[in-house]
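Participant: Listed below, chain by chain, are the residues.
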Amino acid sequence: MAAFILISSLKVLVVFSVFMLIVAYLSYVERRLVARFQTRIGPNRVGPAGLLQPIADAIKLLTKEEVFPANANRIMFVLAPILSLIPALLIMSVIPFGDSLTLFGQRIDLIISDLNVGILFVFAVTSLGVYGIVMAGWSSNSKYSLLGALRSSAQMISYEVSYGLSIIGVLMMAGTLNLMEIVKSQANFFDWYIFKQPLGFLIFSVCGIAETNRAPFDLPEAETELVAGYHTEYSSMKFGMFFMAEYAHMLNVSAIVTTLFLGGWQGPWLPPVVWFLLKVSVFLFGYIWLRATLPRFRYDQLMSFGWKFLLPLALLNIFATGIFMYL
Amino acid sequence: MVPLNYYLILSALLFAIGVVGVLINRNAIVVFMSIEIMLNAVNLSLIAFSQFRGSPVGQVIVFLVMAVAAAEAAVGLAIILVIHRSRESINVDEVNLMKW
Amino acid sequence: MTLTIFLILALVSVLSSILVITQKNSVISALYLIVTLGSQAVLYFLLGATFIGVLQIIVYAGAIMVLFLFVIMLLNLKRDEFGPDQKKGQRVLAFLFTLFLAVEILAALKIGFSDGGTPAGAVLNPASGSPSEVARSLFIDFLYPFEIVSILLLVAILGVVVLVKKRF
Numbered sequence: 071m072a073a074f075i076l077i078s079s080l081k082v083l084v085v086f087s088v089f090m091l092i093v094a095y096l097s098y099v100e101r102r103l104v105a106r107f108q109t110r111i112g113p114n115r116v117g118p119a120g121l122l123q124p125i126a127d128a129i130k131l132l133t134k135e136e137v138f139p140a141n142a143n144r145i146m147f148v149l150a151p152i153l154s155l156i157p158a159l160l161i162m163s164v165i166p167f168g169d170s171l172t173l174f175g176q177r178i179d180l181i182i183s184d185l186n187v188g189i190l191f192v193f194a195v196t197s198l199g200v201y202g203i204v205m206a207g208w209s210s211n212s213k214y215s216l217l218g219a220l221r222s223s224a225q226m227i228s229y230e231v232s233y234g235l236s237i238i239g240v241l242m243m244a245g246t247l248n249l250m251e252i253v254k255s256q257a258n259f260f261d262w263y264i265f266k267q268p269l270g271f272l273i274f275s276v277c278g279i280a281e282t283n284r285a286p287f288d289l290p291e292a293e294t295e296l297v298a299g300y301h302t303e304y305s306s307m308k309f310g311m312f313f314m315a316e317y318a319h320m321l322n323v324s325a326i327v328t329t330l331f332l333g334g335w336q337g338p339w340l341p342p343v344v345w346f347l348l349k350v351s352v353f354l355f356g357y358i359w360l361r362a363t364l365p366r367f368r369y370d371q372l373m374s375f376g377w378k379f380l381l382p383l384a385l386l387n388i389f390a391t392g393i394f395m396y397l
Numbered sequence: 071m072v073p074l075n076y077y078l079i080l081s082a083l084l085f086a087i088g089v090v091g092v093l094i095n096r097n098a099i100v101v102f103m104s105i106e107i108m109l110n111a112v113n114l115s116l117i118a119f120s121q122f123r124g125s126p127v128g129q130v131i132v133f134l135v136m137a138v139a140a141a142e143a144a145v146g147l148a149i150i151l152v153i154h155r156s157r158e159s160i161n162v163d164e165v166n167l168m169k170w
Numbered sequence: 112m113t114l115t116i117f118l119i120l121a122l123v124s125v126l127s128s129i130l131v132i133t134q135k136n137s138v139i140s141a142l143y144l145i146v147t148l149g150s151q152a153v154l155y156f157l158l159g160a161t162f163i164g165v166l167q168i169i170v171y172a173g174a175i176m177v178l179f180l181f182v183i184m185l186l187n188l189k190r191d192e193f194g195p196d197q198k199k200g201q202r203v204l205a206f207l208f209t210l211f212l213a214v215e216i217l218a219a220l221k222i223g224f225s226d227g228g229t230p231a232g233a234v235l236n237p238a239s240g241s242p243s244e245v246a247r248s249l250f251i252d253f254l255y256p257f258e259i260v261s262i263l264l265l266v267a268i269l270g271v272v273v274l275v276k277k278r279f
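Chains as they are written, first to last, in our numbering: chain A, 71 to 397; chain B, 71 to 170; chain C, 112 to 279.
Honestly, the hints are just simulated from the structure, not real lab data.
One thing to keep in mind: the hints can contain errors.
Claimed, not checked - Simulated crosslink set (EDC-like; lysine to aspartate or glutamate; CA at most 16 Å straight-line):
id, chain 1, residue 1, chain 2, residue 2
1, A, K81, A, D179
2, C, K199, B, D163
3, C, K198, B, E164
4, C, K198, B, D163
5, A, K254, A, D169
All chains, full assembly: derive it from the sequences and hints.
Facilitator: Take a look at the structure:
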């Protein structure tokens, strides 16, 4: 019992620190990459090649003045960014990073909690992420925030349906909801589900991007549109938390795509964790590339794309997988 | 080890709280929320029985109850929206005419 | 250990459901209901019903309550300014009758189980809560109700769309 608590706490500590570090530096990497895509340089002054930029950003955010809008509901106003960040952090607790290690005679699985319903837990926590946005918009007592929050949450719950349906093909082929088992069933390179379920992979990626409110689905928070959507009235570290939550969600979606479709931590020669991080970075690069390249969807185009195109396609995918598995 | 009785007593308590909520509230939406509390209480006792018997039938019933509760919540809230549109109030005491 | 967790969860659910029905502000009621539903989900996990526990969060706390919050925010309800009781002593009668109901249910539980409370051999069997067991039962024994419920959901969607349309 004591060993279990100790090992779990150690895992949580390591994963949390690495996760927050990656989230912080993701903002730097994004700014550099987007700058490169736009033939400029990006932040390169703050430290050697601009590497201390996230620290400068954090200090700036921490020392800004806290602004509370008049007639805002104080408790909900402060609670909303917390409710946005915590689901983003929780998902990391079911992602497998590697095979089992054996240290000091104890077998350590490189996953914080090996739930039997792992992938469903991910969806449950994702659906809880809507509350942060809804509360942020409503408690700010401002028309821009409310409209942005309603649009953003409507977008999130619309794409959640196809998000869930698109991986049913993978679950049918793997035969289990356990994430560790799904990774282990992709032992061979040509067993990776991206080859067996290409349509599922595409739909899942698109819905993942829409879920995290990233370009090209970022109408609710785009700078040129609704001022800044649901986080218009937020300043200082509360805004910082929304910012972190968005990058954390990006990281989560990439990690889940890696686990479900790209074979998780499997790969020759290099240690498993390195393979995992490599695959996650490939997907993150894709995210940033999309942001720099594609124009934004209009809101009605966005909603009709989600409901009228992706949902029937996901259902078709399930149907086709079922027929294929039966034959 | 938690005996089965404790779950059933909790379920009965939550059901009673739901009934009180329906009876004393005038806001139609809070009445709906109390109905959800009642449904949850029943779900709890169904699952407790199912697990203590070792049969998944209770959980299948809970699955179906959840689906029905979702449909009911959607339609009920739509009705409340329409009532609000025509009367500007959702006080259940005032909605007492079929048509006027 | 399990007993402690159960007692904490029971306390949280009962307290938050009491807070749901006594708040003046509907948004706060909705938030307390989310807490109640969340504690229910943890109770299901404690019983070993992992599949239904996760479904509770996805369906109830993640979808139905979002719907409630949307409607409350769109209606822009102010604090509950409803006047005094329609009939005198309505609340007192409500409490009294509910007390009778609670006593009846508890008495039925006591009488129904002849050996002083617990049915014989009532041991928790967590294996029957796994997704494969529930799915097997759902798709083999309960296929017909499953299909009917899916049609019910379709009808509900259509009904909602038709109800709230402003112009045909």
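Participant: If a hint holds in the structure, say so; if it does not, say that too.
Facilitator: Now the hints, each set against the structure:
With a C-alpha separation of about 10 Å, the suggested pairing of K81/A with D179/A holds against the 16 Å cut-off. With a CA separation close to 14 Å, the supplied pair K199/C and D163/B stays within the 16 Å bound. Annotation: proposed proximity of K198/C to E164/B holds, straight-line Cα distance about 13 Å (limit 16 Å). Distance check on the hinted pair: K198/C and D163/B sit about 10 Å apart at the alpha-carbon level, within 16 Å; holds.
The suggested pairing of K254/A with D169/A holds, with an alpha-carbon distance near 9 Å, which does not exceed 16 Å.
The structure shown violates none of the earlier numbered hints.
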